[in-house]
Amino acid sequence: MKANYYDALCTQMYEILHTKAPEDELNFYLSYAKKEYKILEMMCGSGRFLLPFIERGFDISGVDNSIFMLEKLKEKEPNAKIIQSDVLDFFTHERFDYIFISSGSICLIGDVNECKEFLKKLKSFLVKGGRLVFALDTIATKCKDDEDYKISVSVKTKQNFDLFLKSKNHYDELTKTQFSPSIYELYDKDKLLKSETMDFKIHLYDLEEIKNILQELDFECFFIYSSFDKRIAKDDTSEMFLCECIN
Numbered sequence: 225m226k227a228n229y230y231d232a233l234c235t236q237m238y239e240i241l242h243t244k245a246p247e248d249e250l251n252f253y254l255s256y257a258k259k260e261y262k263i264l265e266m267m268c269g270s271g272r273f274l275l276p277f278i279e280r281g282f283d284i285s286g287v288d289n290s291i292f293m294l295e296k297l298k299e300k301e302p303n304a305k306i307i308q309s310d311v312l313d314f315f316t317h318e319r320f321d322y323i324f325i326s327s328g329s330i331c332l333i334g335d336v337n338e339c340k341e342f343l344k345k346l347k348s349f350l351v352k353g354g355r356l357v358f359a360l361d362t363i364a365t366k367c368k369d370d371e372d373y374k375i376s377v378s379v380k381t382k383q384n385f386d387l388f389l390k391s392k393n394h395y396d397e398l399t400k401t402q403f404s405p406s407i408y409e410l411y412d413k414d415k416l417l418k419s420e421t422m423d424f425k426i427h428l429y430d431l432e433e434i435k436n437i438l439q440e441l442d443f444e445c446f447f448i449y450s451s452f453d454k455r456i457a458k459d460d461t462s463e464m465f466l467c468e469c470i471n
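Add 224 to a position in the sequence shown, counting from 1, and you land on the number used in the numbering used here.
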């Protein structure tokens, strides 16, 4: 199993389920953008956020680890400026006015120390006064433990095949890690055409933890919101935190 790698079947299901970015979330990220800005989206996937930025005329680049996700992005916009790289290894001499990571994707970096180093690196990519904005899944989203794999999602492909996601969950309270090992299976009626496994695990955050991390990184200032209309987070009941960090 590859940890958190979006392989071929995973990408195929993602494209069926997430054809467009949710409007409220897209507008949240667009609210920080200006036409004169140099913008970077880390973990851009198949481009459901990056492409609307391009369509609106913004100067944006994207980075993602999955070859399959980036191939889908290139099919939609061949001229998109994208780089295939493990985000922990990615480096650039360019400096950006605005960097964002959508939809809790940063939680895929399950080791908190690695995530701190990653955020520190992104801070170094910002111009003075630049903004880093990202979403986090919180401990309010933890799943109940399962004893065995269960079908959690099923979709129909363009070829009228059945694509299933089977997963089981275990949450570790000590490390705040949600483990959800997964199996993707593609069927033509009763015939299994293809199968792939995914070692899916994410770190879930509480409010105190992310506050401490951002304080350690010594941003000029930061805000933690509980909603796309930028209400300040007050506790751990929110299912997401939206962090705005000013360099």
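Careful, some of the hints might be misleading.
[Said to hold, decoys possible] Straight-line distance between alpha carbons at most 20 Å, and here's what the computed DMTMM-like set of lysine to aspartate or glutamate pairs gives:
hint, residue 1, residue 2
1, Lys262, Glu301
2, Lys305, Glu371
3, Lys458, Glu433
4, Lys380, Glu409
5, Lys340, Asp313
6, Lys382, Glu341
7, Lys340, Asp310
8, Lys347, Asp369
9, Lys392, Asp248
10, Lys382, Asp412
11, Lys400, Glu444
12, Lys296, Asp430
13, Lys258, Glu338
14, Lys454, Glu420
15, Lys259, Asp310
16, Lys382, Glu260
17, Lys345, Glu440
18, Lys380, Asp414
19, Lys400, Glu341
20, Lys344, Glu444
21, Lys368, Glu463
22, Lys296, Glu341
23, Lys454, Asp423
24, Lys435, Glu468
25, Lys300, Glu239
26, Lys425, Glu371
27, Lys392, Glu433
28, Lys392, Asp412
29, Lys298, Asp283
30, Lys262, Glu279
31, Lys392, Glu341
32, Lys300, Glu318
33, Lys458, Glu432
34, Lys418, Glu260
35, Lys345, Asp310
36, Lys435, Asp460
Please keep in mind that the hints were generated in silico from the structure rather than gathered at the bench.
The model shown is predicted, which means the values in this text are computed figures rather than measured ones.
Taking the hints in turn, this is what the structure says about them:
1. Distance hint between lysine 262 and glutamate 301 is fulfilled; the C-alpha atoms sit about 19 Å from each other, no more than 20 Å.
2. For a cut-off of 20 Å, the pair hint linking lysine 305 to glutamate 371 is broken: about 43 Å separates their Cα positions.
3. This hinted pair checks out: lysine 458 and glutamate 433 have alpha carbons roughly 13 Å apart, not beyond 20 Å.
4. At roughly 12 Å between alpha-carbon atoms, lysine 380 and glutamate 409 fall within 20 Å of each other, so this suggested pair holds.
5. Only pairs whose Cα atoms come within 20 Å are accepted, and lysine 340 paired with aspartate 313 is accepted, the gap being roughly 14 Å.
6. Between lysine 382 and glutamate 341 the alpha-carbon distance is near 41 Å, which puts this suggested pair outside the 20 Å criterion.
7. A threshold of 20 Å between alpha carbons decides the hint, and for lysine 340 with aspartate 310 the separation of about 16 Å falls inside it, so the pair holds.
8. Distance check on the hinted pair: lysine 347 and aspartate 369 sit about 36 Å apart at the alpha-carbon level, beyond 20 Å; violated.
9. Restraint check for lysine 392 and aspartate 248: not satisfied, since their Cα atoms lie roughly 30 Å apart, outside the 20 Å limit.
10. A threshold of 20 Å between alpha carbons decides the hint, and for lysine 382 with aspartate 412 the separation of about 12 Å falls inside it, so the pair holds.
11. A hinted pair counts as satisfied when its Cα atoms are at most 20 Å apart, and lysine 400 with glutamate 444 does not qualify at roughly 28 Å.
12. With a C-alpha separation of about 34 Å, the suggested pairing of lysine 296 with aspartate 430 is violated against the 20 Å cut-off.
13. At roughly 30 Å between alpha-carbon atoms, lysine 258 and glutamate 338 are farther apart than 20 Å, so this suggested pair is violated.
14. A threshold of 20 Å between alpha carbons decides the hint, and for lysine 454 with glutamate 420 the separation of about 39 Å lies outside it, so the pair is violated.
15. For the proposed pair lysine 259 and aspartate 310, the alpha carbon gap of about 28 Å is over 20 Å, so the pair is violated.
16. Distance restraint check for lysine 382 and glutamate 260: the Cα-Cα separation of roughly 40 Å exceeds the 20 Å cut-off, and the hinted pair is therefore not satisfied.
17. At roughly 13 Å between alpha-carbon atoms, lysine 345 and glutamate 440 fall within 20 Å of each other, so this suggested pair holds.
18. A threshold of 20 Å between alpha carbons decides the hint, and for lysine 380 with aspartate 414 the separation of about 14 Å falls inside it, so the pair holds.
19. Pair hint lysine 400 plus glutamate 341 holds up; C-alpha atoms about 19 Å apart against a cutoff of 20 Å.
20. For the hint linking lysine 344 to glutamate 444, the alpha-carbon distance of about 13 Å falls within 20 Å, and the restraint holds.
21. Restraint check: the Cα-Cα separation between lysine 368 and glutamate 463 comes to about 15 Å, which is no more than 20 Å; the hinted pair holds.
22. Under the criterion of a C-alpha separation no larger than 20 Å, the hint pairing lysine 296 with glutamate 341 is inconsistent with the structure, at around 29 Å.
23. The hinted pair formed by lysine 454 and aspartate 423 fails the criterion: a straight-line CA distance of about 33 Å is larger than 20 Å.
24. Proposed proximity of lysine 435 and glutamate 468 is supported: the alpha carbons are some 12 Å apart, at most 20 Å.
25. A C-alpha spacing of about 12 Å is found between lysine 300 and glutamate 239, which places the hinted pair at or below 20 Å, so the restraint holds.
26. The suggested pairing of lysine 425 with glutamate 371 holds, with an alpha-carbon distance near 17 Å, which does not exceed 20 Å.
27. Annotation: proposed proximity of lysine 392 to glutamate 433 is violated, straight-line Cα distance about 26 Å (limit 20 Å).
28. Proximity of lysine 392 to aspartate 412 is assessed by CA-CA distance (about 24 Å); at most 20 Å being required, the pair is judged violated.
29. Taking the CA atoms of lysine 298 and aspartate 283, the gap is about 16 Å. The hint holds against a cut of 20 Å.
30. Annotation: proposed proximity of lysine 262 to glutamate 279 holds, straight-line Cα distance about 15 Å (limit 20 Å).
31. For a cut-off of 20 Å, the pair hint linking lysine 392 to glutamate 341 is broken: about 30 Å separates their Cα positions.
32. Between the alpha carbons of lysine 300 and glutamate 318 the distance comes to roughly 25 Å, so the proposed pair goes past 20 Å and is violated.
33. Under the criterion of a C-alpha separation no larger than 20 Å, the hint pairing lysine 458 with glutamate 432 is consistent with the structure, at around 10 Å.
34. Proposed proximity of lysine 418 and glutamate 260 is contradicted: the alpha carbons are some 46 Å apart, above 20 Å.
35. A C-alpha spacing of about 13 Å is found between lysine 345 and aspartate 310, which places the hinted pair at or below 20 Å, so the restraint holds.
36. Restraint check for lysine 435 and aspartate 460: satisfied, since their Cα atoms lie roughly 12 Å apart, inside the 20 Å limit.
Hint violations for this structure: numbers 2, 6, 8, 9, 11, 12, 13, 14, 15, 16, 22, 23, 27, 28, 31, 32, 34, all remaining hints satisfied.
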